[in-house]
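Once you've looked at the hints, dock chains L, D and P against the given chain G.
4 protein chains.
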Amino acid sequence: MEILGGPLFAVAGAGESHGPGVSTIVFGCPPGLLLERAAIQHFLDRRRPGSNKHGTPRREADTVLLLSGLYSEDHDTLLDGPQIAITHGDATAGTQSYARGYTTGEPIGALVLSTSQKSGDYSQFAGERGAVRPGHTDLVKHYKSQGYVDVRGGGRSSYRSTISDVVGGSIARLFLNSRFATGILSSIIQVGPLKAQRTLADAVAQFGNAQAGADALAALDVAMAGAEIPALDSAFAAEAAELIKRTRIAGDSLGAVVEVVAVNVPPLLGDPLYQSLKLRLMGALGGLNAVQGVEIGAGFAAAGRTGSANNDPIRSDGYQRNSHGGLIGGITTGMPLVLRVAFKPTSTITLPQQSVRKNLEEIDFALDKGRHDPCVGVRAGVTLESRIAIELMNALLMQQAQNLHTADFQLFPGAE
Amino acid sequence: MEILGGPLFAVAGAGESHGPGVSTIVFGCPPGLLLERAAIQHFLDRRRPGSNKHGTPRREADTVLLLSGLYSEDHDTLLDGPQIAITHGDATAGTQSYARGYTTGEPIGALVLSTSQKSGDYSQFAGERGAVRPGHTDLVKHYKSQGYVDVRGGGRSSYRSTISDVVGGSIARLFLNSRFATGILSSIIQVGPLKAQRTLADAVAQFGNAQAGADALAALDVAMAGAEIPALDSAFAAEAAELIKRTRIAGDSLGAVVEVVAVNVPPLLGDPLYQSLKLRLMGALGGLNAVQGVEIGAGFAAAGRTGSANNDPIRSDGYQRNSHGGLIGGITTGMPLVLRVAFKPTSTITLPQQSVRKNLEEIDFALDKGRHDPCVGVRAGVTLESRIAIELMNALLMQQAQNLHTADFQLFPGAE
Amino acid sequence: MEILGGPLFAVAGAGESHGPGVSTIVFGCPPGLLLERAAIQHFLDRRRPGSNKHGTPRREADTVLLLSGLYSEDHDTLLDGPQIAITHGDATAGTQSYARGYTTGEPIGALVLSTSQKSGDYSQFAGERGAVRPGHTDLVKHYKSQGYVDVRGGGRSSYRSTISDVVGGSIARLFLNSRFATGILSSIIQVGPLKAQRTLADAVAQFGNAQAGADALAALDVAMAGAEIPALDSAFAAEAAELIKRTRIAGDSLGAVVEVVAVNVPPLLGDPLYQSLKLRLMGALGGLNAVQGVEIGAGFAAAGRTGSANNDPIRSDGYQRNSHGGLIGGITTGMPLVLRVAFKPTSTITLPQQSVRKNLEEIDFALDKGRHDPCVGVRAGVTLESRIAIELMNALLMQQAQNLHTADFQLFPGAE
Amino acid sequence: MEILGGPLFAVAGAGESHGPGVSTIVFGCPPGLLLERAAIQHFLDRRRPGSNKHGTPRREADTVLLLSGLYSEDHDTLLDGPQIAITHGDATAGTQSYARGYTTGEPIGALVLSTSQKSGDYSQFAGERGAVRPGHTDLVKHYKSQGYVDVRGGGRSSYRSTISDVVGGSIARLFLNSRFATGILSSIIQVGPLKAQRTLADAVAQFGNAQAGADALAALDVAMAGAEIPALDSAFAAEAAELIKRTRIAGDSLGAVVEVVAVNVPPLLGDPLYQSLKLRLMGALGGLNAVQGVEIGAGFAAAGRTGSANNDPIRSDGYQRNSHGGLIGGITTGMPLVLRVAFKPTSTITLPQQSVRKNLEEIDFALDKGRHDPCVGVRAGVTLESRIAIELMNALLMQQAQNLHTADFQLFPGAE
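Protein chains in written order, with the numbering used here: chain G, 1 to 416; chain L, 1001 to 1416; chain D, 2001 to 2416; chain P, 3001 to 3416.
Misleading hints may appear alongside valid ones.
[To be verified] Output of the computed footprint for chain P on chain L, the stretches with three or more beta carbons under 8 Å from beta carbons of chain P: (1) 1243–1249; (2) 1386–1398.
[Claimed, not checked] Here are a few chain D residues that sit away from chain P, every Cβ distance over 12 Å (derived from the structure): (3) Ala2181; (4) Thr2199; (5) Met2224; (6) Glu2228; (7) Asp2408.
Because the hints were derived from the structure by calculation, they are not lab data.
Don't be surprised by glycine CBs; every beta carbon is placed ideally from N, CA and C.
For reference, chain G alone in the conformation it holds in the complex (with noise of 0.2 Å):
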């Protein structure tokens, strides 16, 4: 099954590349939280192609549809979302959908239209003699599915698929932070060769109190979101963005390590051991499209240290250092979340390649049109983001449903 987190939280998905459009189911969203169309839309508006100039070229707007698991006793305010219209043959029939309610418990579906999509050529990909694009996913996947494989655009491996991760991630923080005033942000902090000095997790572990920590990381978002490149180092902000336009100029692409952090992390989450919080971050993050490698708190760092050194005192008012990353034993500590994550170069370069169709016919391969994105990591770090959130979620909801309150469970208090 085609999801994200669970068994409590869960986030379904369904749609590939050129599609209509990807649809998305959200799972186990307690009730009463206040959710708004436009605050998903903002996230998803962060990880919209085109929405700074180093993405693809392609531009979606990328409207969220709220289809159900909403409510609110004011109508106009709920149903106050785009409107759908469906023509068939000569009927034309639509309804609203939902801007602003209360969520219920029931599953909320979410819809985002490929609007923009080109029915485009794709004959240089198709069929037996079709080209494999090296770093795809194209050869593997015509003999998995004995060639009925959607030739567009690489199916549901393209990156369109995170929108759902956006969509389920969005609900899940926007929960955390109402709970917990939990904040999740990402920061680039490498581009091919070049590094930046300054990280995020140097920034939050400034950071104080609750509701401080919140607002600071906050601000940093908003710094950021000015930016060309999201980093919170400038300097090499402005050199990388200069280095993936020269890289793109000559046809080629960019790896980049992206660092992601969360900070007023609810305590206590993440077991069983076999599906601990770290197993499923780890798996979570280090699975996303393109990802080579994952580490938490000190990372690779941590195998060249002495266990004195690695080791994070605790005082009465808390660990002393954050080495651990925020979880020990695969269980949140309540220090910040701390990891960072390796992408490869995008696969698609106009250089030409060694490459083969799927009949095995050796090719030199060359793109036949257009390209994309010269550095994927670049506008990854919203979908990171949403991973955590959404683990995060789960794993709140599954340490809660160890924790019984009978008191919950009463429905004729008079009864005697």
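Then chains L, D and P, alone, in the frame of chain G:
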């Protein structure tokens, strides 16, 4: 998670009674099934309120939109489904949905909009002083959601949720039919005190080999399609129609029993023990809204028998009787599946009843307005068939997973 | 996966009829339940073959060993369970198992060895020419496993597998009883053509408030514990015992119906829709080996009723009747759960029957040796109760997960 | 649920560090694998504490008992496993466990008793004033379980839990090897600041066709088996052994990096997207206790590269490089899997550290007694290999499920 079937073939649903639409994602259909939107629409039309005169007066076209999971090199046919347009502020954008293509193995997203729902007057049910409809989930859902409940028609607990069952079940039955000539059909055998004399179980016991059996069942399907009450026994159907009419006029409702059968069921499906196909089917049918009982094969009658009368003799050409109803030890034998499902009378009646407000103040309850379906069993058949198809399909894939064919796993056969 | 319940409270089982033992792992019991080995053994003793004279003659002590998931500072009491020793070659090593401790929230491992099984003579059933017992899984399991099947007594399909059901169910019911005074009990109400006049459903309808209801049910449990046939109606029980005896002598077997009830069930449990508690319970009970039908509340009788007769009136102190059987829309109302389960006659009889060898050669089948339980319903009650407890427990945790208590998530309250 | 892998091939575990034993249930091994207890014991012996002189001084035989899921007509061989006896009061009863048989497809139960644990003195860690060991889960588990925590050695969070990983992984790798000649092996490539010059990734890049590759890897396995430090680079191994010894004497510990590879991996495994094999492997390895980072193929180095340097050329005989590490888009390509895993230094050291009691009183923490493994990476390899095997096996069955062979579903071929 709101999921039917699974883990291999599974149907996720979202969407409440009076919301903008019902979203469905179908996971795990293998690649290569030629799927037409019209074939799914056919089954949805059987489910639709207002599809016969005993249903609820609400009239919805229930046009299904296919949004992902299909492909065909013939883009014109692929994209010949209904057009969808969204209007947000001043901007309008749209796309075509799918009409006909091959499944790719990726999830199939579908959407059925609710285009005729009226905003209505739900003030009778709203808030702490809202009335509780006897037999409905109004009271328990109010308390379990801490009041954040959709009071318009029962939310997910509405029969409208079964759109997802039927969408998913349609794909499953089309696959099963294409590979095994499997046929699935239901017939009403009891309405209130009236009982049918002819049953599908008897009919299918006469059917011969695979294709002939499927053809015979299809002929019965066609024969019943025109009937007001979809029952094999036409005399019973006429009498039942008359009784339902009289009961509706009296402001009351009626229970029913529906029999559902499947022929050309692939044998050998159904373990492991704790998730046996019998467990799954009894749950999937017995768990449908308004169902109070379910039985398989000889059912409750088997309790009154001796083993020598109940054990089905076996000869070299198969089982000689079908007391077992198609499953032994929870595993398919290849004999027809035969199940019967008891539905309670529709809870919504116009006769006055003792009830409470949500704050538990006692009231004499009477509906302020309109009314609904006096016998829910009349149009439940296609949902039962769909749930059987979903579970059969999942069990089929589960069993295939245990039969390894190493030759299926090759990529570069020329490699040394 | 061979798992009952879940995802929050779940029971995994392994172990075939005549193998070395039955392994059970119970997941998700919250920390803090005081658990005694003897309390689990009590329920296992009710399940045990040979626990009454109508059961199979096989005699097993079925001593349960608890191997993990408990703790107590009092190590002497904690480790006062049976000693286990293994001998491998010349080496012998051993340990004590647990007797009494608090659950830690970590999984509880349990083992019941099969110490009295005889290696036996299974040549009648072995290989391609092995005989197929009518009504058993012999034939389907042979083909689905490509011949790699355990022919000793049916493997997992044996009633012996229910040891895991009872171990897991015992822990669930002890937890529910400790927190909500929940009580669960079953009674036989039909054996072949004989039907009981007094039922548990009638009895529990008289029970008052929480503790009193639990006490009354416990008293019935004690009253039935001494009976040869565990039925509330002692006249029926005596007549049924006589009938079973006669039938056994005649080489035949009998079906039965068992009623199972639960009182002081926590209300508000049971969504989402597609995994409602009704769906889960109908599956868990209906899916047990030899079960051919299951109904809840008014059951099949509801199909013959009008809505005005079937809807249960509601007053400020609760529901005034229980046609619904404890669940409305798949959600608990706090009224007693009432379900009835139809068992087919035991498939194993000594009368001759038409059957085949596994290679499909026709034979007249007669058992070469021994025989078994002539009425499987007689000792099935504790398994039904256990499966109800498992599903209730899981549903309880699922509902708690949706009721967030932010104060439960604190680690360093002194932190700024 | 405490489960690795799944839903098709899955391993359930139970058992805490100092409890009576570790229970394992392995689900989903297809029927027909010839399984010997000794083959599983071989891998458990590699995992065992005390299996080399750098491990913890605790000595356990870790004899595995197989309790279900096997069968063979040769009962003498089948039942030639260790004898198990239980003593309860005056009664002793026993049985033989399995030694060698064919898998039946039913779950395989296994038990490893903890026969040498000492009741020990855990008073340093018990209760509200119990000391918290830095780097361990003591504090979070105390609060998440409301104090009902096993203080003897960390409960499930102990390395002892990995017994289940290895039992399940052994069965998976035996199956994969028997069907595809798949081989899996690990080697230490970094200990503290020391780094190896020779790696498995380089070695396997030379391996040729299926059987030859498996043979070559097996030879490396044998070569490393005798080494104190299981590393391909013997000079590094010697230096590392010396450093570990010095560090242990100094009361400190060291981190490490382990590389793990697999050859003859079946291609085409690994979707759907949200449960891709990359996601699963990154989680399974990254989630193991003490792991702080995981990377695949080029890993973090890929972030510094251009696409033209990182994309692996394809010719008719396969991929010409392996920057991708065996997975593209989360799907196996048939190239060797190559992953590297960073372990933090063992948290248990004897040098004094700042810590707290569970009631948050500050203390200077020093272990009252004994000590453990100074470099956890040294014996972690077999667990990493096992987790890879479990996920590969599950992915294999998932892919087979999508490739239907209708001829596999026949029972009475002679039936008309």
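Outcome of the hint check:
1. 1243–1249: Coverage by chain P is violated here, the residue count being 0 at a Cβ distance below 8 Å.
2. 1386–1398: Since three or more residues must qualify, the claim that chain P covers the region 1386–1398 of chain L holds, with 3 doing so at under 8 Å.
3. Ala2181: Label holds. Min Cβ-Cβ 21 Å, cutoff 12 Å.
4. Thr2199: 36 Å, holds
5. Met2224: 27 Å, holds
6. Glu2228: Since the minimum Cβ distance to chain P is about 26 Å, Glu2228/D lies beyond 12 Å and the statement holds.
7. Asp2408: 9 Å, violated
When held up to the earlier numbered hints, the structure conflicts with 1, 7 and fits the remainder.
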